[in-house]
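Asks: Residue numbers (our numbering), protein chains in the order written: chain A, 1 to 361; chain B, 1 to 361.
These aren't lab readings, by the way, just hints derived from the structure by calculation. Zero decoy hints are in this set.
Repeated chains share a single entry, so a pair holds when one copy, or any two copies, can fit it.
Straight-line C-alpha distance at most 25 Å; calculated DMTMM-like pairs for lysine to aspartate or glutamate:
| hint | residue 1 | residue 2 |
| --- | --- | --- |
| 1 | K97 | E66 |
| 2 | K344 | D95 |
| 3 | K97 | E235 |
| 4 | K37 | E52 |
Protein chains: 2
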Amino acid sequence: MEEVKVKVGQDGYSIYIGQHTLAQLGSLMGRNGLTGKALVLTDAQVGALYGEQVLGILAEAGFTAELFAVPPGEDSKSLAVAETVFSKAITMGLDRKSVIVALGGGVVGDLAGFIAATYLRGIPFVQVPTTLLAQVDSSVGGKVAVNHALGKNLIGAFYQPRLVLIDIALLQSLPERELASGLAEVIKYGIIEDADLFSYLQKNSRPVLAKEPEALQHIIKRSCEIKAAVVEQDEKENSLRMILNFGHTIGHAVEADTGFGLYSHGESVAIGMVGAASLSAALGLCSQETVDTIRCIIAQYNLPLGAPECTTDRLMPFLVRDKKAVGGKIHWVLVRSIGSVLIKDDVPPMTVDEILQEITC
Amino acid sequence: MEEVKVKVGQDGYSIYIGQHTLAQLGSLMGRNGLTGKALVLTDAQVGALYGEQVLGILAEAGFTAELFAVPPGEDSKSLAVAETVFSKAITMGLDRKSVIVALGGGVVGDLAGFIAATYLRGIPFVQVPTTLLAQVDSSVGGKVAVNHALGKNLIGAFYQPRLVLIDIALLQSLPERELASGLAEVIKYGIIEDADLFSYLQKNSRPVLAKEPEALQHIIKRSCEIKAAVVEQDEKENSLRMILNFGHTIGHAVEADTGFGLYSHGESVAIGMVGAASLSAALGLCSQETVDTIRCIIAQYNLPLGAPECTTDRLMPFLVRDKKAVGGKIHWVLVRSIGSVLIKDDVPPMTVDEILQEITC
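Here chain A stands alone, though its shape is the one from the complex:
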């Protein structure tokens, strides 16, 4: 088991990464000062697979634990579903020292984090991400949220977990397409920060896609380290943290325009990364070779390069409404070379238009 420290907040916290680490959840929680009652929030699918096991592990470590499963899928990230979880928390008598454990993918993690951040004005929480996407992205960094009918993740907080437990063995049950979705974020880390990780991904697509533990452990650990380093420097997303949104500006627009279902989050980000790379080249910030390298790795990992279902006219309004826009300006994360990006808020709309034409045809 490897440990990545995240130095954020008062005391910071650790991400534990390894094979079959789930069995150590209770003891790790105890070692991190947690005790008493624990509400394990999960979805019906993940709960059916690992719910009983987790309750057993927590009981053995002395916790009084109960399970609450929400319906799988993005619709559970709502204030209405949150209200049902609050009811459960109240009736089982969770107090300020009790723990919320998020057992699931990004939806469960974001919802559980929002509950933990706001129940009694904040109680401890623990992330046990069960998808690659959640392991390398949403479970690290403390961004928690629910959706509003008018937009995703509009209601939330910056609220750090007490620990994150990543069990690579859980990925064995993950469908191929969800694995690829997580890999899009791993590719992103390579592009924004680490040419070595990028090159590892280029050379090792076979073991990665075959879910070989050693390969997964390497890319997950490196992704967590990169994200932790960025978040440590800018927890509240005032500047540097924005680089984590590479590919997300167009990605969010594609997701929204296709009704959050046609493309997974990672697939949308892949399309967005192609767009952001092309935009960078069009602005003379990177070479066409860099764009081709990025297109190549995305294809290598079975991720889409464009969204022919979308149109420029429909995508444009979503870009402007993106929640990272400040004063109506879009903050574009653009690439200089593999491992190095920059932020620009003065990209001419004409150029953006051309790129959107490209990725939607």
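Chain A is already provided as a structure; the job is to place chain B on it using the hints.
Replies: Chain B only, in chain A's frame:
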């Protein structure tokens, strides 16, 4: 205009207190680095009185301001009403630098603070409390929340405003009973922390109840100073801040048992302070003279000394369920002498029972 600094969070913030300070709201917001769009959250009653005036003041200072009024009363502190405010915030295009202005009493302040704490994971907010209770208590210290069907203030955050503007002139339109409700909290500050304030209240009930500006200014400023000092030492209510709950343990139970309507918050706290004082004497922590002094000032300010509508059996479960209870233990704030309190979590239930009998007969 006087200024009380609250050294909490990254930069701290100021409470501005004076007569007719409302006119300076826009310029003070500007001086505190705020700019752009502002959503003024109020209730229908306060909005009718001061809404247009505040929009004018903000427009003059360069803000693009809009008003949103929720129905008056505690029922507006719900996730459902919060959702309507989020919709307004989204459709008017508030971004991360925009401001939420709370114009109203505790309900509006708590709701607005919850919105500000969670919209886009937190945007700036400003408190303009219009009741005495909000001016001396809820607007200071950053506790924001909405209610859940199963209990009050169970969903919220610790989230500090960028500034608090107290205009004493606004209290001239405040009904007598609401004034008394706020005065209960002022009396509390005297008991927990400041014998001088207590003695000022004893000697000046006439000018205070007549709303003489000088008297109001004095007790409001002193109350804010005391609360600020406590909050600075313990923002998240781990220990010291609990002393602010003097009178609130029984007070909350009385409020809940009588359906949040029969007694105002301040009236319930007054009853709770009588109960807590009697409990302190029963435990040998203070003299009967101290209890009498407290009963006397509460009567002097037209506040109730007991709740004959309640019964011990009904109050008891509310005490245990209070959100400050940790591991099922009630943290009692008890009085040693005027200006000095202590916290005890091992009060025998029998003694509590006796005191509840006393205040309900």
